[in-house]
Amino acid sequence: MSWLGVFAIIGGVVALMVFAGVLGMFTFVGRDPGDAALAPPEADDGPGRLLVLMTTLGGGGMMAIAAVVIVLGGLDALIVAGGLLALFAFLSVVVLALTYMERKVLGRVQQRLGPMRVGPWGLLQPIADAIKLITKEDITPSWVDKGVYWLAPVAFFIPTFLIWLVIPFASGWVIRDLDLGLLYIIAFSVLAIAGLFMAGWGSANKYGFLGSLRAIAQLISYEIPIIVVALTIAMLTGSLNLSSIVEAQGSVPYIALQPFGFVLFLIGGLAEIGRTPFDIYHAESEVMGGPFVEYSGAHWAIFYLAEYVNTFLVGVLVALLFLSGWVGPVLPGVLWFFIKVFAVVTVIFWFRGTFPRLRIDQLMALGWKALIPLAFVNFVLTAFAVFYHWPGWTMTLMGLGLLLAFGYLVNARFTAPGRRPTVRMIPAKELRGA
Amino acid sequence: MASLVAFSFLAALVLGAGLGVVLTRNVAYAALFLLVTLVAVAGIFILALAEFLALVQVLIYGGAIVIVVIFALMLTRIEEFSRVRDNPQKPLAVVAALAILGVLTAAFLQFRPAVATLRGASLEGLGKELFTRWAIPFEVASLVLLVALLGAFLIARTGVDRDRDRDRDGDAPPEGGGR
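As you go down the protein sequences, you meet chains Z and U in turn. Quick note on numbering: the first sequence equals residues 48 to 481 in this note's numbering. Quick note on numbering: the second sequence equals residues 14 to 192 in this note's numbering.
These are calculated hints, taken from the structure and not from any lab test. Glycine included, every Cβ here is placed at the ideal spot set by N, Cα and C. Accuracy of the hints is not assured; some may be wrong.
DEER-style ranges, computed between Cβ atoms [claimed, not checked]: (1) Z/R406 / U/Q102: 49 to 55 Å; (2) Z/P420 / U/I168: 24 to 30 Å; (3) U/L122 / Z/W437: 52 to 58 Å; (4) U/I168 / Z/L382: 53 to 59 Å; (5) Z/V433 / U/A24: 39 to 45 Å; (6) U/F121 / Z/P403: 56 to 62 Å; (7) Z/M411 / U/V116: 39 to 45 Å; (8) Z/F431 / U/G138: 21 to 27 Å.
Using the sequences plus the hints, can you model the full thing?
This is how it looks when you write it as structure tokens:
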């Protein structure tokens with residue numbers, strides 16, 4: 048990793064901070080809750096706001112570029128800034144595609160058509176949704192803690208976005224090929240928790256707060272198995288560089304050597320991004336959207352964007368770590384990469400249509416009593432195999448064995464008949480005493 | 014030049030957010046300021062060419078430690094500790110802070126970098142040193158964390174929770190029947 052490369056990351060962070068600051072200023076200026084009652088309700092009409100938003104986004108982008116250039120100077124800076132902007136555009140398009148895809152897949156699962164009205168086969172539906180979200184009124188409840196409330200979407204989105212600096216899409220198609228790429232991804236994905244906490248705490252809403260507490264508990268628990276699995280992969284490869292990990296896999300993807308690691312990573316990844324069956328912290332029927340309950344309009348859209356970017360990230364990471372990334376016959380590398388990523392993403396959407404949501408105590412039990420110990424066992428066994436140069440199939444066998452153990456544990460914990468209830472009836476007498 | 018600009022920015026961020034941690038009376042703000050401070054320190058690590066340390070700083074301090082602080086806020090009674098108040102340990106804190114300042118100043122005055130060119134430590138070298146020469150201090154550090162964890166657990170489980178647990182362990186059949 049070059050010394051300038053490290054600066055590029057700092058520059059990127061600074062630039063995004065500036066960008067975020069401008070966005071925040073816009074929202075402060077744009078909405079003055081003081082005279083909301085006096086002003087006519089149609090004072091800020093949709094197209095006007097859209098225009099203001101677009102100018103602000105453009106201005107923010109320019110300032111981001113300026114910040115990067117100031118910090119770095121030179122051609123390298125321009126490349127990084129251009130890369131960041133291109134990445135943002137790419138991710139926005141991906142999110143639009145994912146929302147459409149999710150609704151279509153869910154439609155198929157539930158034997159209906161999904162969106163069909165806007166454009167041919169409903170193809171323009173995501174664009175209509177995006178326009179609706181941006182032009183919608185952005186309501187601020189009067190009781191929120193304004194600074195924290197406004198910064199929360201940005202604090203959630205920035206780490207999510209910065210992760211993409213090190214993701215290779217094909218051989219050499221990467222903004223910064225860091226040697227510590229995998230560690231970088233893990234470190235920045237952890238930071239997003241702060242955004243969720245800020246959202247829940249800042250909205251001063253009991254559902255929001257409960258949701259963010261759930262999010263913290265859930266994310267901090269499922270981080271551990273993910274990190275352990277990532278370490279296992281790093282041990283197999285002898286590198287934390289994502290490109291090297293893909294190259295080390297070659298034609299034998301790690302899913303063959305680490306079947307249990309693959310399952311762990313997928314489960315842990317789903318829990319980290321809060322998708323069904325682990326969407327406990329924004330469960331609509333329990334906490335009414337959790338940390339996002341008070342958000343609307345463009346601010347809610349930022350959360351939404353980050354969530355879908357995260358979903359895509361899980362697909363990308365699974366493809367890179369376990370499905371040998373862009374390696375494949377005949378077709379060009381990028382195409383293979385996206386085929387694999389979208390296959391994983393389809394499976395994630397399929398889960399959503401299939402599995403019911405876990406309860407919070409079940410989630411914790413699954414994480415701490417099954418995933419974490421088994422992840423460590425997998426790690427130690429793989430270490431033996433790597434150190435003593437055991438042939439690959441021994442690792443496959445061990446992984447399959449652990450998978451069986453995992454299945455048995457889950458069955459014994461959750462579905463076996465005659466297990467002790469985890470929820471207790473509370474007599475009315477006790478409630479009166481409280 | 015670029016590194017000077019970046020360093021000034023980061024140092025200002027560290028100091029400003031650090032003051033924020035100390036001066037704010039709201040514990041949630043303090044936790045968030047702490048997060049900014051620790052992440053900015055990671056930035057300074059990057060300027061010192063210690064990328065691995067920087068990433069670990071973000072992961073351990075920015076992620077885990079701050080999250081655990083927030084967790085602790087949740088577990089203790091929010092109505093009691095929603096605002097920080099002065100406590101009798103203030104002089105002790107002053108003494109500790111002055112001692113640390115003294116040690117750091119002495120270290121700065123003593124330290125003369127021997128290498129002429131800047132280069133970062135290799136990850137391999139770091140790992141080898143950590144797990145051979147410094148293995149025992151490394152393990153002791155983890156023991157400290159364990160003790161802190163147990164302490165937090167004890168503080169969190171006071172009063173009502175403990176009573177409720179005793180009831181549950183007794184397995185008394187719920188009176189009045191269930192629905």
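Here is what the structure says about each hint:
Roughly 41 Å separates the CB atoms of Z/R406 and U/Q102, a value that falls outside the hinted 49 to 55 Å. At about 27 Å, the CB distance of Z/P420 to U/I168 agrees with the hint of 24 to 30 Å. With their beta carbons about 54 Å apart, U/L122 and Z/W437 fall inside the hinted range of 52 to 58 Å. Between U/I168 and Z/L382 the beta carbon distance is about 56 Å. The supplied range of 53 to 59 Å therefore holds.
Checking the proposed 39 to 45 Å range against Z/V433 and U/A24 shows it holds: the Cβ atoms sit about 42 Å from each other. The given range of 56 to 62 Å is respected by U/F121 and Z/P403, whose C-beta atoms sit roughly 59 Å from each other. For the pair Z/M411 and U/V116, the beta carbons lie near 42 Å from each other, so the given range of 39 to 45 Å is met. For Z/F431 and U/G138, the Cβ-Cβ distance of about 25 Å falls inside the hinted range of 21 to 27 Å, so the restraint holds.
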